[in-house]
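Enquirer: These are the residues of each chain, in order.
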Amino acid sequence: MKILYFAWLRSKIGVATETVDLPAEVGDVGALVEWLKTRSPKHADALANSTVVKVAVNQEHVPYDHPVGPGDEVALFPPVTGG
Amino acid sequence: MTVKVQSEDFDVGAELAVMTGGKTGIGGVTLFVGLVRDMAGGESVSAMTLEHYPGMTERQLEAIEAEARARWPLDDALIIHRYGRLEPGDRIVLVATASAHREAAFESCHFLIDWLKTKAPFWKMEATPEGERWVEAKASDDTAAARWAKPA
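Chains A and B are the protein sequences, given in the same order. FYI, in our numbering the residues of the first sequence are -15 to 67. FYI, in our numbering the residues of the second sequence are 306 to 457.
Among these hints, one or two may not hold up.
As the list claims (entries may be wrong) - Keeping only pairs whose Cα atoms sit at most 35 Å apart, straight-line, the calculated DSBU-like set for lysine-lysine is: (1) B/Lys443 to B/Lys309; (2) A/Lys(-4) to B/Lys328; (3) B/Lys424 to A/Lys38.
Keep in mind the hints are simulated off the structure, nothing from the lab. Keep in mind it's a predicted model, so treat the numbers as computed, not measured.
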């Protein structure tokens, strides 16, 4: 699975993208965020407050109960501030 | 219906001319142009850098433009949003809507900028005397977008 990070999530984690092998038990966005926290202290710090971590699956905004699978492109980012 | 995501500046008059050229059924155009301010939260801002999510940005802008077209009788709509490093006074975003009648143009332009601010994946980083900082989303932007929610 391809994971993308934007804005301060990217700065805190230190990479813009990473490819991960998804454990079988990770079936939705909420479980994915919890699992990503275990990858490093930087991940744990960046993802500590899930109320400010928004998620898109295949370039669509989704809630935390949205399913995820190995072929998905998942992006994690703070609330958007364009315009 | 046009969406452009670009680093370079845009010419409002030229864009307007292209949008309305030959379309004599248009009775009015509403334009919104967003600019970089030199102050934010009481601190001076010397520059702003806009990051975005290539691919998703265009998809989201096209989706909100389609939503505007479904809600109002529009002859045309245009969204241009810049990314990269900008300075105070620089143009950030242009939203333009054209319709036979002014109400549709005014309302759809307002709708587009409100929805863009909460749905299009852009993030601003400001350079201030205290250093660089990511701009936080405002609750007032969510409130502004929510007023366009369809009645249940």
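Enquirer: Kindly indicate which numbered hints from before are broken by the structure, ordering the numbers from low to high.
Expert: Failing hint: just 2.
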